[in-house]
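Protein chains in written order, with my numbering: chain A, 2 to 340; chain B, 2 to 340.
In short, the hints are calculated from the structure, not lab data. All of these numbers come straight from a predicted model, not from anything done at the bench. Virtual Cβ for every residue (Gly too), placed ideally from N, Cα, C. Among the hints, a few may not be true.
Residues from chain B shown here face chain A by an in silico Cβ test under 7 Å; the list is partial [unchecked claim]:
1. K222
2. P226
3. V227
4. P244
There are 2 protein chains.
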Amino acid sequence: MLRTSSLILLAVVAYSIAAISPSALAKDALPSWKEGPAKKAITDFVKKVTTSGELEFVKPSERIAVFDNDGTLWAEQPIYFQLAFAIDRVKALAPKHPEWKNKQPFKAVLDNDMDTLVKSGKRGLMELIMATHTGMSSKDFARVVEIWINGARNPKTGKLYRDMIYQPMLELLSYLRANGFKTYIVSGGGMDFMRPWAESVYGIPPDQIVGSSIKVKYEVKDGTPVITRLPELNFIDDKEGKPVGIHYHIGTRPIAAFGNSDGDFQMLEWVTAGEGPRLGVLIHHDDAEREFAYDRESHIGKLNRGLDEAEKRGWVVVSMKSDWACIFPYQCKAAASEK
Amino acid sequence: MLRTSSLILLAVVAYSIAAISPSALAKDALPSWKEGPAKKAITDFVKKVTTSGELEFVKPSERIAVFDNDGTLWAEQPIYFQLAFAIDRVKALAPKHPEWKNKQPFKAVLDNDMDTLVKSGKRGLMELIMATHTGMSSKDFARVVEIWINGARNPKTGKLYRDMIYQPMLELLSYLRANGFKTYIVSGGGMDFMRPWAESVYGIPPDQIVGSSIKVKYEVKDGTPVITRLPELNFIDDKEGKPVGIHYHIGTRPIAAFGNSDGDFQMLEWVTAGEGPRLGVLIHHDDAEREFAYDRESHIGKLNRGLDEAEKRGWVVVSMKSDWACIFPYQCKAAASEK
Numbered sequence: 002m003l004r005t006s007s008l009i010l011l012a013v014v015a016y017s018i019a020a021i022s023p024s025a026l027a028k029d030a031l032p033s034w035k036e037g038p039a040k041k042a043i044t045d046f047v048k049k050v051t052t053s054g055e056l057e058f059v060k061p062s063e064r065i066a067v068f069d070n071d072g073t074l075w076a077e078q079p080i081y082f083q084l085a086f087a088i089d090r091v092k093a094l095a096p097k098h099p100e101w102k103n104k105q106p107f108k109a110v111l112d113n114d115m116d117t118l119v120k121s122g123k124r125g126l127m128e129l130i131m132a133t134h135t136g137m138s139s140k141d142f143a144r145v146v147e148i149w150i151n152g153a154r155n156p157k158t159g160k161l162y163r164d165m166i167y168q169p170m171l172e173l174l175s176y177l178r179a180n181g182f183k184t185y186i187v188s189g190g191g192m193d194f195m196r197p198w199a200e201s202v203y204g205i206p207p208d209q210i211v212g213s214s215i216k217v218k219y220e221v222k223d224g225t226p227v228i229t230r231l232p233e234l235n236f237i238d239d240k241e242g243k244p245v246g247i248h249y250h251i252g253t254r255p256i257a258a259f260g261n262s263d264g265d266f267q268m269l270e271w272v273t274a275g276e277g278p279r280l281g282v283l284i285h286h287d288d289a290e291r292e293f294a295y296d297r298e299s300h301i302g303k304l305n306r307g308l309d310e311a312e313k314r315g316w317v318v319v320s321m322k323s324d325w326a327c328i329f330p331y332q333c334k335a336a337a338s339e340k
Numbered sequence: 002m003l004r005t006s007s008l009i010l011l012a013v014v015a016y017s018i019a020a021i022s023p024s025a026l027a028k029d030a031l032p033s034w035k036e037g038p039a040k041k042a043i044t045d046f047v048k049k050v051t052t053s054g055e056l057e058f059v060k061p062s063e064r065i066a067v068f069d070n071d072g073t074l075w076a077e078q079p080i081y082f083q084l085a086f087a088i089d090r091v092k093a094l095a096p097k098h099p100e101w102k103n104k105q106p107f108k109a110v111l112d113n114d115m116d117t118l119v120k121s122g123k124r125g126l127m128e129l130i131m132a133t134h135t136g137m138s139s140k141d142f143a144r145v146v147e148i149w150i151n152g153a154r155n156p157k158t159g160k161l162y163r164d165m166i167y168q169p170m171l172e173l174l175s176y177l178r179a180n181g182f183k184t185y186i187v188s189g190g191g192m193d194f195m196r197p198w199a200e201s202v203y204g205i206p207p208d209q210i211v212g213s214s215i216k217v218k219y220e221v222k223d224g225t226p227v228i229t230r231l232p233e234l235n236f237i238d239d240k241e242g243k244p245v246g247i248h249y250h251i252g253t254r255p256i257a258a259f260g261n262s263d264g265d266f267q268m269l270e271w272v273t274a275g276e277g278p279r280l281g282v283l284i285h286h287d288d289a290e291r292e293f294a295y296d297r298e299s300h301i302g303k304l305n306r307g308l309d310e311a312e313k314r315g316w317v318v319v320s321m322k323s324d325w326a327c328i329f330p331y332q333c334k335a336a337a338s339e340k
């Protein structure tokens, strides 16, 4: 009897220890991060704010971390993945829109004429978004996104877009959550474009996704209540818009912010100007071999002011080339199996 | 040695059992709710969606419950508490605004002339809100609200506004959270008016508060980043606005909705029209003795269509008089100490 009950008790102890926090006992919660100043700055920060009794301890309800998406959690080359989605949608919808054959920017899309498309600028882009992202219910839009994300592939890598996420950032998200952080996306991309897949890909639920949005209205159609997507912008969650989006959605100033471009500058500025311990991190795309190399002159994900001011502002610049052992999960798996 | 280690192990076992879920072991998680159809409908629903293996089981990530605030979580008589706040602010700010002595609706406020104030209508109300809720940083506004909520008293009861919350609803919030629900406020009231105190009063954090909002902008003032409140409406979270606010902030259709007025009609309609198990609840203010009695003809918290359609829509109507053993926490404590 004593033996059996002792075994049960031991099992309970083992379970209790395992339940405390998987990462607390793990040797290295960030295995794809090479040892160095970037990794150390992140882990030092997390230890500091989670060590009870320390002057810089932060209570769990205030452990909020915000992440840009394009170029920070997943890639953004050769074009923003959401733009690739819009282009694919234009092609899919073209048979119902014969007028698009002679109307820009749709003609450029159908002709695969990227130069003309780029020249159509923000106005052209907005027309594409409105034509492909609105005029249906929120439920139907979510389904269209879901089908696309599970099948569409990047022309440069031939990989699914959803697989072009950064393994070191996935580890970082898990590490922060295991340490009591709430992790949010704060992206210039469309809120409703990210929601259908961000939970399965990043473990981030729909209510923790802040992004640009179009107007919607509630209506009862033939007795069925629906949320209808209207062809009108609601909010641009970029640059000065990011601290505003954080205000509306989160309502507490985060203590850590992760970005990769000057579109994230104000978010990092806002987050790191708060009192107490703060962490601002910029991911620098300097690895042409394993990912893409671009910064000051790039049309996508331009990082100029951020590079100039990171040091004086105490922001950590992560070199994808030097600080990350591998980048995409499929690269990390391949590297692991070679060992 | 064996004895000591056994004691430690037993302590761990006791801790483990206690940690499962405090409410799972409690006899009655809703002691202020009288036994009856309303309480039964709520507890049956919760059991159904949380019983693993049941056809109607709902996974925790989809257990989302939304609550109106005014008249559902706290009282709203003789005037919306946020309007009382605006009136108190006008009086406090009056010395800096000599022009208000001769300008409506401010004159009416300073003269305690409620008739004229009411006659100024929505436009007058909006002027009061803009004059008292904007033109400062979000941080300063939060501080002003916090000071007010901890000191201002209701003229009818003499109690702090923050104490005029409904004990049965506090129990319900805890009960739902103990059963894996995320609880949100979805209120016509100001998001930034509720955020400074909703966590300490209801246990609802700032990012789970959906409400009406004014526009804000991000700016760097003398080197310090601030969120400045602008005198412009951003969003009205009432009637058809409630499902829209839910879309923007939550992004998942809730499975349970609690309201008390026709301003909550569309929210209940949207929530209960979804597939699978759904719960719609209306709190009916029918207790003139312990709280206030009002419904179809009331200027505040009018409940007319809701009463007409509740039965056919399968919504639960809670009688504050018959279904609640006590209403405000101070009444509940007094009742408990009399026993």
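To see whether the hints hold, each was checked on the structure:
At about 11 Å, the closest approach between the beta carbon of K222/B and any beta carbon in chain A exceeds 7 Å, and the interface hint on this residue is violated. The interface hint given for P226/B is met, as the beta carbon of that residue sits about 5 Å from the closest beta carbon of chain A, less than 7 Å. Contact between V227/B and chain A, as hinted, is not supported at the beta carbon level, the nearest pair being about 9 Å apart and thus beyond 7 Å. With 7 Å as the threshold, the beta carbon of P244/B comes within range of chain A, its nearest partner Cβ sitting at about 4 Å, so the hint holds.
Consistency with the previously given hints fails for numbers 1, 3, ordered from lowest to highest.
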